[in-house]
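Engineer: Letter by letter, the chains look like this.
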Amino acid sequence: DGGITQSPKYLFRKEGQNVTLSCEQNLNHDAMYWYRQDPGQGLRLIYYSQIVNDFQKGDIAEGYSVSREKKESFPLTVTSAQKNPTAFYLCASSPRNRESNEQFFGPGTRLTVL
Amino acid sequence: RKEVEQDPGPFNVPEGATVAFNCTYSNSASQSFFWYRQDCRKEPKLLMSVYSSGNEDGRFTAQLNRASQYISLLIRDSKLSDSATYLCAVNGGSAGNTPLVFGKGTRLSVIA
Chain E
1 DGGITQSPKY LFRKEGQNVT LSCEQNLNHD AMYWYRQDPG QGLRLIYYSQ
51 IVNDFQKGDI AEGYSVSREK KESFPLTVTS AQKNPTAFYL CASSPRNRES
101 NEQFFGPGTR LTVL
Chain H
1 RKEVEQDPGP FNVPEGATVA FNCTYSNSAS QSFFWYRQDC RKEPKLLMSV
51 YSSGNEDGRF TAQLNRASQY ISLLIRDSKL SDSATYLCAV NGGSAGNTPL
101 VFGKGTRLSV IA
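Chains as they are written, first to last, in this note's numbering: chain E, 1 to 114; chain H, 1 to 112.
Do not take every clue at face value.
[To be verified] Listed below are the simulated PhoX-like cross-link pairs for lysine-lysine, each with C-alpha atoms no more than 25 Å apart in a straight line: (1) K57(E) <-> K70(E); (2) K83(E) <-> K104(H); (3) K57(E) <-> K45(H); (4) K9(E) <-> K104(H); (5) K9(E) <-> K45(H); (6) K42(H) <-> K9(E); (7) K57(E) <-> K79(H); (8) K71(E) <-> K104(H).
[Claimed, not checked] Interface residues of chain E toward chain H, partial, derived using beta-carbon atoms under 7 Å: (9) P39; (10) L43; (11) L45; (12) Y48; (13) S49; (14) G63; (15) L90; (16) E102; (17) F105; (18) P107.
[As the list claims (entries may be wrong)] Sample of chain E residues facing chain H (criterion: CB under 7 Å; computed from the structure): (19) F12; (20) G42; (21) Q103; (22) G108.
Source of the hints: derived by calculation from the structure; they are not laboratory data. For every residue, glycine included, the Cβ atom is placed at its ideal position computed from N, Cα and C.
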């Protein structure tokens, strides 16, 4: 059963704590992405990685960190430096294709910081 | 990063109606265009890619106008199950594997 999994579905953390969101894919996709979605807002790109051991900042990278040690995994850490971490976090992947990059999303993680 | 803008909505239409959404993009170098559907509190799901010559998938038709830099989505014979938020997405550069830039979405409610 191929796809993208994110865990957990819901996550609650106290203010000031770092938290790591998991994203795994078995689609053999080279590229992976992290987006954040706030109510009534579009998706904003946090970080992306087009190949193992390499990643780039997106539009709102401050307060976040990532790693890409394996092709299948792209975890996102929300640090205490992120001012407004409560949001819906979406991970996506796409094949590394020069012509097109359809992105496929995981089910998302809803993070609430109390 | 260049922007992608959509009709704000919401669109409230009766069953069986035809509804059209537009989406404009500012990066003339963009090469890939998509429509996604997002249900409430769920992840976006790819609805269809948008090709230069236009393409159709059942009741859904997507078109691209490069000169005016917009894409459109037409839904014919609307069903209650079409109620969702529709997001357009455009790749952020001339290379195919640059990240997609998403519009904020247009909410559609199909009413019985």
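Engineer: Hold the hint about Q103(E) up to the distance rule: shortest CB distance to chain H must be less than 7 Å.
Structural biologist: 6 Å, holds
Engineer: Is K42(H) close enough to K9(E), meaning Cα to Cα at most 25 Å?
Structural biologist: Holds: K42(H) and K9(E) sit about 11 Å apart, inside 25 Å.
Engineer: Does K104(H) lie within 25 Å of K71(E) when you go C-alpha to C-alpha?
Structural biologist: Violated, at roughly 30 Å.
Engineer: Holds or violated: is there a CB of chain H closer than 7 Å to the CB of G63(E)?
Structural biologist: 18 Å, violated
Engineer: Is the hint on E102(E) kept, meaning its closest Cβ partner in chain H is under 7 Å away?
Structural biologist: 6 Å, holds
Engineer: Would the pair K57(E) and K70(E) pass a check requiring their Cα atoms to be no farther apart than 25 Å?
Structural biologist: 18 Å, holds
Engineer: Tell me if G42(E) is really an interface residue toward chain H, meaning its C-beta lies closer than 7 Å to one of theirs.
Structural biologist: With a closest approach of 4 Å, the G42(E) hint holds.
Engineer: Hint check: is the beta carbon of L90(E) less than 7 Å from a beta carbon of chain H?
Structural biologist: The hint holds - L90(E) has a Cβ within 7 Å of chain H, the shortest such distance being about 6 Å.
Engineer: Is it true that the CA of K57(E) sits at most 25 Å from the CA of K45(H)?
Structural biologist: With a Cα-Cα distance of about 24 Å, the restraint between K57(E) and K45(H) holds, given a limit of 25 Å.
Engineer: Given S49(E) was flagged as interface, is its beta-carbon under 7 Å from a beta-carbon of chain H?
Structural biologist: 10 Å, violated
Engineer: Holds or violated: K9(E) and K45(H), Cα atoms, limit 25 Å.
Structural biologist: 17 Å, holds
Engineer: Quick check on F105(E) please, does its C-beta sit within 7 Å of some C-beta on chain H?
Structural biologist: This interface hint holds because 4 Å falls under the 7 Å limit.
Hint violations for this structure: numbers 7, 8, 9, 13, 14 and 19, all remaining hints satisfied.
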